[in-house]
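Keeping the supplied structure of chain A fixed, place chain B upon it in accordance with the hints.
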Amino acid sequence: MKLAYFPGCKIPFYLKDYGISFEAIMRKLDIELIKLPFNCCGYPARSKNFEVSVLSSIRNYALARKYDLDIITPCKCCFGQFKHATYWYDHNKDLKKKIDSLLNREGLFWDGSTQIDHMLSFFYNKFGINEIAKRIQKKLPGKKIAVQYGCHALRPFSITGFDNPYAPKMFEALLDVTGVIPVEWSKSTECCGSPAFDSNPKLSFKILQNKIKTASEAGADYICTACTHCQMQYETEQFKKQSNHHHPTPLLFTQILGAALGINKNKLSEKGDLTPILFE
Amino acid sequence: MINIALNISLIIFTLGVCFQIYRFKKYKNFLHVETSTQGSQKNFQIKAFLLNTLFQTKLFKAGKLRWIFHFSLFTGFLYLIFVHALHDVTSLLFEYYEPTVDPFQFLRNFSGVMVFMGCIAFLYRRVIHYRIKHDKRIKTKGLFSILLILLVIGSGFLLEASKIISEPVFIEMVEEYSDIDEETGLEDLKIYWKEYYNIIFSQQIDITDKSLENGQFLNEEYCLSCHSSIRSAFVSNTFAKMLNPIGSILNSHRLDSKLSIIHYILCLLLLACFPFSRLFHVLLIPFITGQKNITKETSNTSKGIIPSTALFACTNCGYCSRVCSVYPNYQITGNKDVLPHSKIESVKAMIKDVSSENWERLYQGNSECTMCHNCTDICPSGIDLQCLWVALDTKLVQMRHCENIRSVKDIPLNEWAKNENTIESLLSKDEMTSNLADKAEAFEKCVQCTICTNVCPVVEYNSNQNDMTPQQVMNLLRLGKKHLATGTRMVWSCLTCYSCQEHCPQQIRVTDIILELRNSGEKSAGIINKTQTNTEVHI
Chain A
5 MKLAYFPGCK
15 IPFYLKDYGI
25 SFEAIMRKLD
35 IELIKLPFNC
45 CGYPARSKNF
55 EVSVLSSIRN
65 YALARKYDLD
75 IITPCKCCFG
85 QFKHATYWYD
95 HNKDLKKKID
105 SLLNREGLFW
115 DGSTQIDHML
125 SFFYNKFGIN
135 EIAKRIQKKL
145 PGKKIAVQYG
155 CHALRPFSIT
165 GFDNPYAPKM
175 FEALLDVTGV
185 IPVEWSKSTE
195 CCGSPAFDSN
205 PKLSFKILQN
215 KIKTASEAGA
225 DYICTACTHC
235 QMQYETEQFK
245 KQSNHHHPTP
255 LLFTQILGAA
265 LGINKNKLSE
275 KGDLTPILFE
Chain B
123 MINIALNISL
133 IIFTLGVCFQ
143 IYRFKKYKNF
153 LHVETSTQGS
163 QKNFQIKAFL
173 LNTLFQTKLF
183 KAGKLRWIFH
193 FSLFTGFLYL
203 IFVHALHDVT
213 SLLFEYYEPT
223 VDPFQFLRNF
233 SGVMVFMGCI
243 AFLYRRVIHY
253 RIKHDKRIKT
263 KGLFSILLIL
273 LVIGSGFLLE
283 ASKIISEPVF
293 IEMVEEYSDI
303 DEETGLEDLK
313 IYWKEYYNII
323 FSQQIDITDK
333 SLENGQFLNE
343 EYCLSCHSSI
353 RSAFVSNTFA
363 KMLNPIGSIL
373 NSHRLDSKLS
383 IIHYILCLLL
393 LACFPFSRLF
403 HVLLIPFITG
413 QKNITKETSN
423 TSKGIIPSTA
433 LFACTNCGYC
443 SRVCSVYPNY
453 QITGNKDVLP
463 HSKIESVKAM
473 IKDVSSENWE
483 RLYQGNSECT
493 MCHNCTDICP
503 SGIDLQCLWV
513 ALDTKLVQMR
523 HCENIRSVKD
533 IPLNEWAKNE
543 NTIESLLSKD
553 EMTSNLADKA
563 EAFEKCVQCT
573 ICTNVCPVVE
583 YNSNQNDMTP
593 QQVMNLLRLG
603 KKHLATGTRM
613 VWSCLTCYSC
623 QEHCPQQIRV
633 TDIILELRNS
643 GEKSAGIINK
653 TQTNTEVHI
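Quick note, the sequences are listed as chains A and B, same order.
Read in order, the letters of the first sequence are residues 5 to 284 in the numbering used here.
Read in order, the letters of the second sequence are residues 123 to 661 in the numbering used here.
It is worth saying that the hints were derived from the structure and are not from the lab.
Hints are not guaranteed to be accurate.
List of simulated lysine-lysine pairs, DSSO-like, C-alpha gap at most 30 Å [said to hold, decoys possible]:
id, chain 1, residue 1, chain 2, residue 2
1, B, K180, A, K20
2, B, K418, A, K32
3, B, K652, B, K603
4, A, K206, B, K531
5, A, K206, A, K217
6, B, K414, A, K269
7, A, K6, B, K183
8, A, K20, A, K39
9, A, K102, B, K255
10, B, K652, B, K540
11, A, K70, B, K180
12, A, K210, B, K418
13, A, K148, A, K138
14, B, K645, B, K604
15, A, K130, A, K20
Anything over 10 Å on all C-beta distances counts as not near chain B; from chain A, calculated [said to hold, decoys possible]:
id, residue
16, K32
17, D72
18, L73
19, D94
20, G111
21, Q119
22, G132
23, K138
24, Q141
25, K148
26, I185
27, E221
28, G266
29, I281
Where chain A lies over chain B, by a calculated footprint (3+ residues, C-beta under 8 Å) [as the list claims (entries may be wrong)]:
id, stretch
30, 452-465
31, 489-497
32, 554-560
33, 621-632
34, 638-646
Using N, Cα and C, we set each Cβ at its ideal position, and we do this for glycine too.
Here chain A stands alone, though its shape is the one from the complex (with noise of 0.2 Å):
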């Protein structure tokens, strides 16, 4: 099987890690993952510019189109800004008009075959939980996990698609075939404070402690995260001074899943310095 691989922004230089240990899970499920040069997926610019944010996109699938890929992407904000982009690129007469004769220029078109899928959407509805289960090489420690879904997949459902917006089930599902424990968790759904981080860094912070201290309760020993963003939230400095061996620690979904598959964790992060406890 064949993606084309969209890494985001973020994944090259802030968080290597999550690049490194999904292309070595996709390596173990025998996916391919091809890279194509792709731009930003518009996300930081919805604020700011619409148009643009909408190309972003739209020019990205046409990208895919050409080499006739679906994408996928680890990232749920950019999974979320896709999804965005194609039901206002439907949508929005104009803008259609407008993007296409842009894309045009370039030698480029799309005629919305392509589609997007975010790493946890694709290994629950396309994959398959069995597939995974049968490729499991050892279960995991029981390790409590409290699991982040990230707000821009999950919501609006109406146009993501993603799962089940008040209770979704699909990331805890995946985590049980690896032999952790993922707990119920009040605050599962809802934002990690990261979109403040910049513009109001004491909002961002105040729901990040809240985060933790709702996780802790909860009896979480990690906190499971399956986007970019989420998880450099909470790897920021000021959560890693705040966070002491009472409280839950950030895991990337593809290291917990990479170590259950059997990779060594030299494969899993740059310096493969991951939690031992994945590996005992």
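Below, chain B without anything else, positioned relative to chain A:
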């Protein structure tokens, strides 16, 4: 005379290098935004330095074809400098060095061709590269150096050709290195050289087999040890043949000595111009490549440390803009300063003259950068561009130039509301939006049930700093107060988590409306900023 010229060029060269170093020192602090970070950049990467200097590995990664031409220019030029130009010194390394002996004669021609090809490829790229072609500031950059190199190479080939055909040079050489005269077969040697070395003699000489044979004997006796077959000078020899019809006139005017002066002067000019032209990248790029790039781990401590030399190591190749993640932003807004190759030029202009740049364009462009690291990864000069953009952003904010979004937040709501009439008259209707905030059917169904407010994390965590709730923003829209709604804190501190929209029992696109208000607020703020700067006295 020539020695004086050489000394003058060397002095200019040295002074030029000193001047450049002084300039870099002067600009050093311009983009240094944090002070207590000395020592974090001291690491020097020797491997990267050597690889990129000798083999231009970064360019190889960026573009293979361009690397082939650049590398051929580089090696050709290096050969010409060390073996040809500095042969007084370097000939000691080779036992039998003579400029007219193979392999040196052949290699000189071959390197000349390599350099020539590199220059032509450069000029060709200039013509076809649309981004460079359409940017006035960089359109002509580097052209001077390339043309000068072409002149040096061209004059060199012509000089060699004129020496090949020259009768006077032949006579001088015969007098100096042999005791042949008219009686001992000078005519025969002339015939042989006319036939095999393409010399053009003024008087007619008849060729006979016997004299050729004798000429060959004399040639082997006196000349062959220093003169390989002229065919190995494949370019100059071709030129020499082309000069054949006018050869005797050129010889009588001693074209060779004139050309040798021209060639020498051009070389000295190249030397003198070295520190002031594109040629200086030969020193800058190795220096920059050796510097360690900022990583995620060091970004907190060394934020904003960018050597000013980095700016000048840019060779305007444009690879960065080819991989720029926010290229679509440029397609829509037409703001060139979104693209790295243009931004770096603006920064350079800004360093030289702070008042010269179009600030708005630069800060708008830089704020759209997503820090994806693509430009830093591809830069053949090894400039840490991402670090530069971070430093630039901080610098611009320090200088009180900031994005429109930031300024919306600084304006109190009652001040903001006063601008309603101005905005409404100036803000043009934009169809390329989600078209919600202006359409009653998008929000009129709101029943003020407060569900959106109850699920909003901003309201929950930030209630004392927030002025309105999502439901109140919707109500403002229902009252026709779009401008006022745009200025509320709620709109700008929204996390866009879509909780409100998902939970709304009336299916109102609350978050999408808020995002649209941000879009129009951005434009309104731009207008307000402009009208204010127009009326205020600029200090």
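Right, here's what the structure says about each hint:
1. Between the alpha carbons of K180(B) and K20(A) the distance comes to roughly 21 Å, so the proposed pair stays at or under 30 Å and holds.
2. Between K418(B) and K32(A), the direct Cα distance comes to roughly 27 Å. Compliance with the 30 Å bound is thereby established for this hinted pair.
3. Between K652(B) and K603(B) the alpha-carbon distance is near 23 Å, which keeps this suggested pair within the 30 Å criterion.
4. Distance restraint check for K206(A) and K531(B): the Cα-Cα separation of roughly 15 Å lies within the 30 Å cut-off, and the hinted pair is therefore satisfied.
5. Between K206(A) and K217(A) the CA atoms are separated by roughly 16 Å; this keeps the pair inside 30 Å, and the hint holds.
6. For the proposed pair K414(B) and K269(A), the alpha carbon gap of about 27 Å is at most 30 Å, so the pair holds.
7. About 25 Å separates the Cα atoms of K6(A) and K183(B), which keeps this hinted pair within 30 Å; it holds.
8. This hinted pair checks out: K20(A) and K39(A) have alpha carbons roughly 15 Å apart, not beyond 30 Å.
9. Only pairs whose Cα atoms come within 30 Å are accepted, and K102(A) paired with K255(B) is accepted, the gap being roughly 26 Å.
10. About 15 Å separates the Cα atoms of K652(B) and K540(B), which keeps this hinted pair within 30 Å; it holds.
11. Taking the CA atoms of K70(A) and K180(B), the gap is near 28 Å; set against the 30 Å cutoff, the hint holds.
12. Annotation: proposed proximity of K210(A) to K418(B) holds, straight-line Cα distance about 24 Å (limit 30 Å).
13. Only pairs whose Cα atoms come within 30 Å are accepted, and K148(A) paired with K138(A) is accepted, the gap being roughly 23 Å.
14. Between the alpha carbons of K645(B) and K604(B) the distance comes to roughly 13 Å, so the proposed pair stays at or under 30 Å and holds.
15. Between K130(A) and K20(A) the CA atoms are separated by roughly 26 Å; this keeps the pair inside 30 Å, and the hint holds.
16. The non-interface label for K32(A) is consistent with chain B: the shortest C-beta to C-beta separation is roughly 25 Å, beyond 10 Å.
17. With 10 Å as the threshold on Cβ separation, the claim that D72(A) sits away from chain B holds: the shortest Cβ distance comes to roughly 22 Å.
18. Chain B leaves L73(A) outside its interface by the beta-carbon criterion, the shortest separation being 19 Å against a cut-off of 10 Å.
19. No Cβ of chain B comes within 10 Å of the Cβ of D94(A); the nearest lies about 12 Å off, and the non-interface call holds.
20. Every Cβ of chain B is farther than 10 Å from the Cβ of G111(A); the closest lies at roughly 14 Å, confirming the non-interface assignment.
21. Distance check on Q119(A): its Cβ is at least 21 Å (rounded) from any Cβ of chain B, clearing the 10 Å threshold; non-interface status holds.
22. Here G132(A) stays apart from chain B, with its beta-carbon at least about 28 Å from theirs, past the 10 Å limit.
23. The Cβ of K138(A) lies farther than 10 Å from every Cβ of chain B, with a closest approach of about 35 Å, so its non-interface assignment holds.
24. For Q141(A), the shortest C-beta to C-beta distance to chain B comes to about 31 Å, beyond the 10 Å cut-off, and the non-interface label holds.
25. Annotated as non-interface, K148(A) keeps its C-beta farther than 10 Å from every C-beta of chain B; the closest such distance is 24 Å.
26. Every beta carbon of chain B lies more than 10 Å from that of I185(A), the smallest distance being close to 27 Å; the non-interface claim holds.
27. Separation of E221(A) from chain B is adequate, the least Cβ-Cβ distance of about 17 Å exceeding the 10 Å criterion.
28. Even its closest Cβ contact with chain B, about 28 Å, leaves G266(A) beyond 10 Å, as expected for a residue assigned away from the interface.
29. Residue-level check passed: I281(A) sits 23 Å from the nearest beta carbon of chain B, beyond 10 Å.
30. Here the stretch 452-465 of chain B counts 3 residues with a CB under 8 Å from a CB of chain A, which clears the bar of 3, and the coverage holds.
31. Only when three residues or more bring their CB closer than 8 Å to a CB of chain A does the claim for the stretch 489-497 of chain B stand; here the count is 6, and the claim holds.
32. Look at the stretch 554-560 of chain B against chain A: 4 of its residues bring a Cβ nearer than 8 Å to a Cβ of that chain, three or more, so the hint holds.
33. Residues of the stretch 621-632 of chain B with a Cβ under 8 Å from some Cβ of chain A number 4, which satisfies the need for three, so the listed coverage holds.
34. Only residues whose beta carbon comes within less than 8 Å of a beta carbon in chain A count, and the stretch 638-646 of chain B has 4; three or more means the coverage holds.
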